[in-house]
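*Asks:* Residue numbers (my numbering), protein chains in the order written: chain A, -4 to 279; chain B, 410 to 693.
Derived from the structure by calculation, the hints contain no laboratory data.
Just to be clear, a hint being listed does not mean it is correct.
Claimed, not checked - For lysine to aspartate or glutamate, the following EDC-like pairs were computed, each having C-alpha atoms within a straight-line distance of at most 20 Å: (1) B:Lys682 - A:Asp138; (2) B:Lys669 - A:Glu266; (3) B:Lys556 - A:Glu14; (4) B:Lys593 - A:Glu14; (5) A:Lys251 - A:Asp220; (6) B:Lys576 - B:Glu642; (7) A:Lys172 - B:Glu539; (8) B:Lys676 - B:Asp630; (9) B:Lys689 - A:Glu252; (10) B:Lys556 - A:Asp258; (11) A:Lys105 - A:Asp68; (12) B:Lys689 - A:Asp245; (13) B:Lys631 - B:Glu606; (14) B:Lys689 - A:Asp258; (15) A:Lys172 - B:Glu666; (16) A:Lys251 - B:Glu687; (17) B:Lys593 - A:Asp258; (18) B:Lys556 - A:Glu266; (19) B:Lys631 - A:Asp72.
As the list claims (entries may be wrong) - Some chain A residues near chain B, calculated using beta-carbon distances under 10 Å: (20) Thr12; (21) Ala16; (22) Asp70; (23) Gly108; (24) Leu109; (25) Thr242; (26) Tyr255.
In this text, a Cβ means the ideal position worked out from N, Cα and C, and glycines have one as well.
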Amino acid sequence: MSIILNHVNCIYEEGTTMEVAALKDVNLKLEDGQFIGLIGHTGSGKSTLVQHLNGLMKPTGGEIYFNGEDIHDADFDKKKLRSQVGLVFQYPEHQLFETDVFSDVCFGPKNLGLSKKEVELRAYEALKMVGLPDEFFYQSPFDLSGGQKRRVAIAGVLAMKPQVLILDEPTAGLDPKGREEILNMIQDLHNQMKCTIILVSHSMDDVADYAERIIVMNHGQVFLDGTPREVFSHRKELEEIGLAVPTVTDIMHRVKELGYPVDENITTLPEAADALVGLYQARS
Amino acid sequence: MSMIKTKKLTFEYIHRDEEGNVEGITTAVNEVDLDIKEGDFIAILGHNGSGKSTLAKHMNAILTPSEGAIYVAGMDTRDDDHIWDIRKNAGMVFQNPDNQIIGQVVEEDVGFGPENMGVPTKEIWQRVEESLKAVGMYAYRKHSPNKLSGGQKQRVSIAGVLAMHPKCIVLDEPTAMLDPQGRKEVIRAVRALNEVENITIILITHYMEEVVYADKVFVMDKGSIKMEGTPREIFSRVDELQSMRLTVPQVTLLAEECRKMGMPFSKGILTTKEFMEELKCLLS
């Protein structure tokens, strides 16, 4: 049970003078149940990559396997794929359209051809999972706050019961507390439903705190792939491609450069505070 | 001289049902008193729904107060005779770069504002050139805006405002949709306009790192100004900010965490540089 990308290429406008390679020979194995952070600057191929994972885009070369089956085989059921690999786009609240929250969340499962009872049950569960209070269920989604709308939009995808949930910058435009709430919610989903999470993000601090594996894209290729510690130990290389390590990792690197014996690959704030206070106490 | 001055500015959104009867009133801005001087760099923080954007829209008369008053360069925004002068004085940049660009070529887009003001053609071209140079986009003047990155588009939007020779630019979350590189570009351009051209800047943002260069920070909550002070004063009040769904920059948070554990960092450290300097003193 996994998604495998085998020598995947994606070339826009192939054969014309406008030819651009958005993905170049990407090989990845996305294991079941992982929490993956996908980072890279604008134009690095992140969005193109995630659109390949649920078959929205077809690679111009190479194959993509979902649970061992080639998703572009003639007899492969794409509809099923799309219910199992849920994709939450950037600013998903722009896709809300129904007159009330509950109907909006029902839209996805209804299109799967499920019974009315099953549809409603799933919608209810999904709204509970994203932590939306009951009193909002029959309100217009347009009367909710930004963070709440986003939860409703994510619930719409969750109601499809995906095995893999891909979120393209789910925290963009939210206030700090709203960002934290959405990220905690995603982590809860990961823990409770054991689904694979692919979090596309620009925030190194967020990815360092939540993901167990980080994939860094650059110019359509996988630039780095590993645990946060491994990936962020490549501080220089990341800076060269216009990315940065998390703030705390940057500080630990600087402390190490001053000659103090610290672990420079720390990625979270509590660890960094411990290490620095340890240094301070050792001094006195 | 006062650039923007408000006196008990209040704005209410009135909800009406289909027959036009009042269903409810939301007070988005509640008796705000502000005085922004010419040449200031002001940042406004606040969670989603705190009233920041509603306040911003008063600054170039997109909205006019329900009660109280706002004066832009001494002109009352409720006075229709001044509306074009007000908009010439106070330009606005919004969150989504794609919603603000209308030209097919960068330089045409930037020329749109002054053209509408009836500026002579020769002068339009001068203004376009100056504005694009000021935001570092002159090399792209013949490009199509569609092919630019988010940060570049946003800088073109700023140039478009700049070409109208405003005394003041209001930026409503200009970096929310950008990657870290794009954010840096935009903030750098904005700071340069403030420092070099002495244009008054009012920056609304959710990114705490972007406000450390401001002269003064206002924090809004429930439509009122709850805190005001220099970035250092504001960011030394970590708990208060967190109670208003905000946070402080990561370095500030790390220093705060160390302080709680007995390492005497001073309050309100804003940048990595400051942090490292204090750390060196503490460890020596």
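*Asks:* Against each hint, give a clear statement of whether it holds in the structure.
*Replies:* For each hint, the structure was consulted:
| no. | hint | result |
| --- | --- | --- |
| 1 | B:Lys682 - A:Asp138 | violated (43 Å) |
| 2 | B:Lys669 - A:Glu266 | holds (14 Å) |
| 3 | B:Lys556 - A:Glu14 | holds (14 Å) |
| 4 | B:Lys593 - A:Glu14 | violated (29 Å) |
| 5 | A:Lys251 - A:Asp220 | violated (24 Å) |
| 6 | B:Lys576 - B:Glu642 | violated (27 Å) |
| 7 | A:Lys172 - B:Glu539 | violated (40 Å) |
| 8 | B:Lys676 - B:Asp630 | violated (23 Å) |
| 9 | B:Lys689 - A:Glu252 | holds (12 Å) |
| 10 | B:Lys556 - A:Asp258 | violated (42 Å) |
| 11 | A:Lys105 - A:Asp68 | violated (26 Å) |
| 12 | B:Lys689 - A:Asp245 | holds (16 Å) |
| 13 | B:Lys631 - B:Glu606 | violated (34 Å) |
| 14 | B:Lys689 - A:Asp258 | holds (17 Å) |
| 15 | A:Lys172 - B:Glu666 | holds (18 Å) |
| 16 | A:Lys251 - B:Glu687 | holds (15 Å) |
| 17 | B:Lys593 - A:Asp258 | violated (29 Å) |
| 18 | B:Lys556 - A:Glu266 | violated (42 Å) |
| 19 | B:Lys631 - A:Asp72 | violated (50 Å) |
| 20 | Thr12 | violated (14 Å) |
| 21 | Ala16 | violated (16 Å) |
| 22 | Asp70 | violated (39 Å) |
| 23 | Gly108 | violated (35 Å) |
| 24 | Leu109 | violated (34 Å) |
| 25 | Thr242 | holds (4 Å) |
| 26 | Tyr255 | holds (7 Å) |
Hint compliance for this structure: hints 1, 4, 5, 6, 7, 8, 10, 11, 13, 17, 18, 19, 20, 21, 22, 23 and 24 are broken, all remaining hints hold.
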